[in-house]
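So the chains spell out like this:
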Amino acid sequence: MVILFAIGLYVVLTKQNLVKKIIGLNIMETAVFGLIVTSGMVTGGSPPLLGQGLEPPYASPIAHALVLTGIVVALSVTALALVLIIRVKAECGSIELDELLEPDE
Amino acid sequence: MNGLVHLLPLTVLLPITAGALAPALFHRRGTACWIWALAAALLSLAAGIGLWRELYSGATISYPLGGWPPPYGIELVFDGVAALIPVLGALAVLILVASRRYVEATVPASRQSLFYALILINLGGMNGFVAAADLFNLFVWMEVFSISAYALVALARGPVAALAALKYLLVGAVSSLLVLLAVALLHAQTGSLNMGDVAGLLAAAEAPGASALALGCLVVGFLVKAAIFPLHFWLPDAHASAPSPVSALLSGLVVKMGIVGLVRTRMLFAEADVVPLLMPDTLLLWLGVIAILAGAVLAMVQRELKLMLAYSTVANMGYIALGLGLAAPAAVSGALAHTVYHATIKTGLFLTAGAVLLGTGLSRVDDLRGLGQRMPLTSGALVLGLLAATGIPPTAGFVGKWQIAIGALQAGRPWVIGVILAGALLTLGWAIRVINSLFFRPPARARVITAREAPASLLVPALLLALLAVSGGLFGAVLLGLVEPLALEFVGGGHGH
Numbered sequence: 001m002v003i004l005f006a007i008g009l010y011v012v013l014t015k016q017n018l019v020k021k022i023i024g025l026n027i028m029e030t031a032v033f034g035l036i037v038t039s040g041m042v043t044g045g046s047p048p049l050l051g052q053g054l055e056p057p058y059a060s061p062i063a064h065a066l067v068l069t070g071i072v073v074a075l076s077v078t079a080l081a082l083v084l085i086i087r088v089k090a091e092c093g094s095i096e097l098d099e100l101l102e103p104d105e
Numbered sequence: 001m002n003g004l005v006h007l008l009p010l011t012v013l014l015p016i017t018a019g020a021l022a023p024a025l026f027h028r029r030g031t032a033c034w035i036w037a038l039a040a041a042l043l044s045l046a047a048g049i050g051l052w053r054e055l056y057s058g059a060t061i062s063y064p065l066g067g068w069p070p071p072y073g074i075e076l077v078f079d080g081v082a083a084l085i086p087v088l089g090a091l092a093v094l095i096l097v098a099s100r101r102y103v104e105a106t107v108p109a110s111r112q113s114l115f116y117a118l119i120l121i122n123l124g125g126m127n128g129f130v131a132a133a134d135l136f137n138l139f140v141w142m143e144v145f146s147i148s149a150y151a152l153v154a155l156a157r158g159p160v161a162a163l164a165a166l167k168y169l170l171v172g173a174v175s176s177l178l179v180l181l182a183v184a185l186l187h188a189q190t191g192s193l194n195m196g197d198v199a200g201l202l203a204a205a206e207a208p209g210a211s212a213l214a215l216g217c218l219v220v221g222f223l224v225k226a227a228i229f230p231l232h233f234w235l236p237d238a239h240a241s242a243p244s245p246v247s248a249l250l251s252g253l254v255v256k257m258g259i260v261g262l263v264r265t266r267m268l269f270a271e272a273d274v275v276p277l278l279m280p281d282t283l284l285l286w287l288g289v290i291a292i293l294a295g296a297v298l299a300m301v302q303r304e305l306k307l308m309l310a311y312s313t314v315a316n317m318g319y320i321a322l323g324l325g326l327a328a329p330a331a332v333s334g335a336l337a338h339t340v341y342h343a344t345i346k347t348g349l350f351l352t353a354g355a356v357l358l359g360t361g362l363s364r365v366d367d368l369r370g371l372g373q374r375m376p377l378t379s380g381a382l383v384l385g386l387l388a389a390t391g392i393p394p395t396a397g398f399v400g401k402w403q404i405a406i407g408a409l410q411a412g413r414p415w416v417i418g419v420i421l422a423g424a425l426l427t428l429g430w431a432i433r434v435i436n437s438l439f440f441r442p443p444a445r446a447r448v449i450t451a452r453e454a455p456a457s458l459l460v461p462a463l464l465l466a467l468l469a470v471s472g473g474l475f476g477a478v479l480l481g482l483v484e485p486l487a488l489e490f491v492g493g494g495h496g497h
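For the protein sequence lines, the chains are R and B, in the order given. Position 43 of the first sequence, counted from 1, bears residue number 43 in the working numbering, the numbering being contiguous throughout. Position 87 of the second sequence, counted from 1, bears residue number 87 in the working numbering, the numbering being contiguous throughout.
Source of the hints: derived by calculation from the structure; they are not laboratory data. The reader is advised that the hints may include incorrect statements.
[Said to hold, decoys possible] Result set (BS3-like, lysine-lysine): computed pairs, CA atoms no more than 27 angstroms apart in a straight line:
1. B/K167 / R/K15
2. B/K167 / R/K89
3. R/K15 / R/K89
4. R/K20 / B/K167
5. R/K89 / R/K20
[Unchecked claim] Covered by chain R, per the in silico footprint, the following chain B stretches (three or more residues, Cβ under 8 angstroms):
6. 23-31
7. 303-313
8. 374-387
[As the list claims (entries may be wrong)] So the derived list for chain B, only partly shown, Cβ under 8 angstroms to chain R, looks like this:
9. E143
10. A162
11. V174
12. L181
13. A184
14. I432
15. I435
16. F439
17. P443
18. A446
19. I449
Every residue, glycine too, gets a C-beta built ideally from N, C-alpha and C.
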């Protein structure tokens, strides 16, 4: 997960293509969600709703609720980012950051 | 628990619900939507004031959402930090009042309802953020106000705005992810999300390294949100290219949320006492010092009024970070007071800049020569705001800086006073340039000569805020008295200082 996070951060920081930056952001998000899900396994716990007498292992439902919320947030951020990229493309004619920042344009 | 407690979720849910409904109810009916938004913001403000009176007549107010008691349920608290809610509400109301004519002139009719909706959602998100007592909720509310802020920047026309919004979005999303990573680490260690509960459980946690990593992620994430130098690079473009009322909202209120996050983080870790806090404090101190000088110098070399104001925000966030980093009672209360005062000053300044932009269509300071004769009230408000930003006594900017200077003596770092003075002098340098240009130079542009005074709906909030900014120092003792308990709580938890 740490490696995934690092890959995502690297992509966001170094790639000049805006769409690739968004993909990097999504890789980072996936890494964090994965970390939360893996932390959901609790040894010796009991399921909150089904009651006693069931076979372990159980997964903590909170972690899943968190990831679900996180995915919704990530989706809206990605959607907004893609809309903005379309606008940048329409108004500036490019989605490569190094081309956008050239003083001639 | 009396009935007043229910006002707390209301301050959050009311603006968000009203905001979500606004585009559906008032599509292409800008004025009606404006009244709707104003009513929602006023009700939220009234609820905030009611809570505030309750807070100062008794104890902290806590509200378990859905009736589930903490630490299992989600908890909202109205404590010293959340006392910002009435301030946020009042400034948001003024921004909304000022928005009307600006929006009519610059935003297409089909998008006006979206503008008001986003402002309301932003306000609700900020209210939720300052009142959240639950780590994951902190993240969610942060995303609510952040995403609405990205969209608000993008509402401005022109290629710069779209790119600035995208830059703001990328940086903001990475910082949000760092915060989420920290929340994940803390949750994995303690199995809880409630801040008080986490603080208690963290002391017994097995891996102090993970706690330190979580602290680091939280600090860096909130430093980005607070635009503390050198993580400020997204701010000037976003704040300068956004529509002016939005700039006021972002620069006055939204960046302060990073400070709120830092305060909450430090209080949590001070209570848990697992990681020494000296390092983050020193980091804040030094970043604050650099931000004050760099922000003021960068403001000086700008030519556009709104860019100057944006870099001035960078410098002022530096003062606040410096005050928190000193971790002496006087400095922290100074930083907290400056948070409120700077919100007032900068909201007023950006609204005034909006009035100038609306009246003349010009944004460069050199083009605005001689505007003092044509728009005397607007220019006057700008001058008052600039003087307050430099921190000349008895203006609002003075109190915080004075307190931080006293705190520097308490913390045994007298050289910090030199930095504070240098920052104030540099600010005075560019403020004088603007004042000189407005009042003591002949007009250079035809549009300045034909300019007329801004409409009353823009002028009244701007003048009100300018007067508050100038006279704010006179109420300094009152505000310092209000923030002092929080400052003592903030410092009291830290060890080894």
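Checklist entry - Failing hints, ascending? => result 6, 7, 8, 14, 15, 16, 17, 18, 19
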